[in-house]
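This is what each chain is made of:
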Amino acid sequence: MKKVVTGNYAVSWGARLARAQVIAAYPITPQTSIIEKLATFCADGEMEARFIKVESEHSAMAACIGASAAGARAFTATSGQGLLLMHEVVHWAAGARLPIVMGVVNRAIGPGWNIWTDQNDTLSQRDTGWLQFYCETNQEVLDTTIQAVKIAETVFLPAMVVLDAFLLSHTSEPVDIPDQAEVDAFLPPYRPELKLDLDDPRAFGALVLPSDYMEMRYKIQKAMERAVGVAEAVDHEWGERFGRSWGLVERYRLDDAEIALVTSGTVTGTSRVVVDELRDKGLKIGLLKVRMFRPFPHEKVRQALAGIEKVAVIDRNISFGDSGVFAQEVRAALYRADKRPPVFDFVTGLGGRDIVPATIREIVDYTVAHDAPVEEFTWIGVKK
Amino acid sequence: MRKPKTYARNYEIPEEELTYSGSVSCPGCGATLAMRYALKALGPKTMVVIPACCWSIIAGPFPYSSLTVPIFHTAFETAGAVSSGIRAALDILGKEDITVMAWAGDGGTFDIGIQALSAAVERNEDFIYVCYDNEAYMNTGIQRSSATPWMAWTTTTPVKHPKDEPKKDIMAIMAAHYIPYTATATIAYPDDMIAKFRKAKSIHGAKFIHVLSPCPPGWKSEASDSIKLSRLAVQSKVFPLYEIEHGEKVTINVWPKDGGVPVSEYLRLQGRFRHLSDENIAAIQAEVDRNWERLVAKAKGSVYTELV
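Note that the protein sequences, when read in sequence, are chains A and B. Residues 1 to 384 in this note's numbering are what the first sequence lists, from first letter to last. Residues 1 to 308 in this note's numbering are what the second sequence lists, from first letter to last.
Quick caveat, the hints were computed from the structure, so don't treat them as lab data. Owing to the predicted nature of the structure, the values given are computational and were not obtained by experimental measurement. Some clues are possibly wrong.
[As the list claims (entries may be wrong)] Dumping the calculated BS3-like pairs for lysine-lysine here, alpha-carbon to alpha-carbon at most 27 Å:
1) A:K195 with B:K257
2) B:K199 with B:K249
3) A:K195 with B:K201
4) A:K195 with B:K167
5) B:K201 with A:K53
6) B:K95 with A:K195
7) A:K53 with B:K167
8) B:K167 with B:K220
9) A:K284 with A:K195
Given only the sequences and the hints, what does the whole structure look like? Please build it.
Written as structure tokens, this is what we have:
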């Protein structure tokens, strides 16, 4: 069934089709309509779920942790400050190996107050042990939400499905909403082997001495490494069943490219337009969209950028005192490549400042004009 | 072995043990005995949520457990929210008959966890929240909490500047949520404690039980005095045993014998009050008397009638 829905409603539909059983959430702009829709689904009996209307995002995640530990499929959504408030229990969810799925609408961090998009909220959760997927379209948001549940429950790690504030969250697009029966065939009910169980009483999360703690972290890392292949297989299966797949990364017009843009989120769509336009003018340019950020698909990034002469990463985020975060990851991945192209990093679009085709063109012009970066990263569109 | 003395009273302590022997609690720990009684009352169909507190240690390190029922250890401020999530999951999975008990210290209840607790009881989640109150951050080594009594010594309220503020009235705060059941209990009155846990289990909705929990290392008291201190707390009216139903119906469960004992008898067994002057003790006595009179007035004036 095709429906015209916002990115936020695509998240809600994803959670509904994935048959989330416990939802705990707290409203924050621009995430609010995700949970409003879910509350309506629950109230109308269209979802068999308990919706716990908690008093904070911290409690939203804590309640999801309890629900998931007791064996239910748990879902929440948040944004910006809400995600930051959650931070402690975001770690806890991963450490407890609970496959909670969370929709996160990228929102810039205050002060000053800003409800518009950038990626600093989710990227500051980079090291928590959550899988992270950055989406370009509303269809991708819906598909990824359901895929994320399956991937998370296979590797026992939680997953974030990330979408840009307003550019996706409040923008309507035609979205194919799959039949429940088809989704059920793709995604079986959650049946964890280990959970809070009277017949198998265990203590979860107890004090762990140095003699055992490190092995638990080793296993999280192993699960992350496994998630690369699992995510690829799940996306492949999705493609076979629903006729669409998204890849962990996507190569766009990269085959004979000399310059590669590296993008994530909605910047990708804008960049495709500019790539097409510059291709028409004879510039050998393509782009690499990074959809899965955690685990970072090092090998895929290395392969995609092999033979590229210059890489230009567009970062809608900043790690203060260093550079854009995606560029850090791309550089690190390329360090093990046989031939390392120069990596240009462009920080732009913070706090929802528009990234328009002219912004992308400026980035390309700079990259064409320089043999190698002359600074760690370059600001684009900032009033200095 | 000597036969246990039989009491000609209308109670019995269940023989079933749901705690293992040999836990790592301090000698004389009130919270350990309280857990033992609580689980005896609730039985094996119980799941326990433990946020950061002394019981995070007492329950044993990985891969051990000192309880025979499932435990979920969780972050300091999350007992109310995690319990809500477990409750929701159990309900949706058709396991409504399992009791969820949050088991938190005074720090996790009065201070860092009060937001999630208030929200959980405001939603009238079907669970029992127990605060075992040892009146300071004992697990980190005796720092002041908002449950610490006025003028008590702790490492952050040293003798030269003891605690300025009175203890927060958590019972009043919980009662103000108009939840079905709020009660106090101590290990000196196991019959009363067990009756209260059983009653809590039988009621659907949010239940809050406040257990005074003597802590020999933190109170600077003798390990052998913990039950005596619990009894003196009740008999001196420092910690009356009462329950509040639906936030309104107040019942005093144990009336101090012969009008009670002076607070000095309770205070003098605890090194944390050793620096108190006679004036300080008189002020504490006056405050305790005032609180008791207020409680008695509430008990006499309870107006709650069951809605039909």
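Comparing the hints with the structure gives:
1. A:K195 with B:K257: Outside the cut-off at roughly 48 Å; violated.
2. B:K199 with B:K249: 15 Å, holds
3. A:K195 with B:K201: 23 Å, holds
4. A:K195 with B:K167: Since the Cα atoms of K195 (chain A) and K167 (chain B) sit roughly 39 Å apart, the hinted pair is violated (cutoff 27 Å).
5. B:K201 with A:K53: This hinted pair holds, its Cα atoms lying about 24 Å apart.
6. B:K95 with A:K195: It holds: about 13 Å lies between the C-alpha atoms, which stays within 27 Å.
7. A:K53 with B:K167: 31 Å, violated
8. B:K167 with B:K220: 19 Å, holds
9. A:K284 with A:K195: 53 Å, violated
Hints 1, 4, 7 and 9, counting from the list given before, are not met by this structure.
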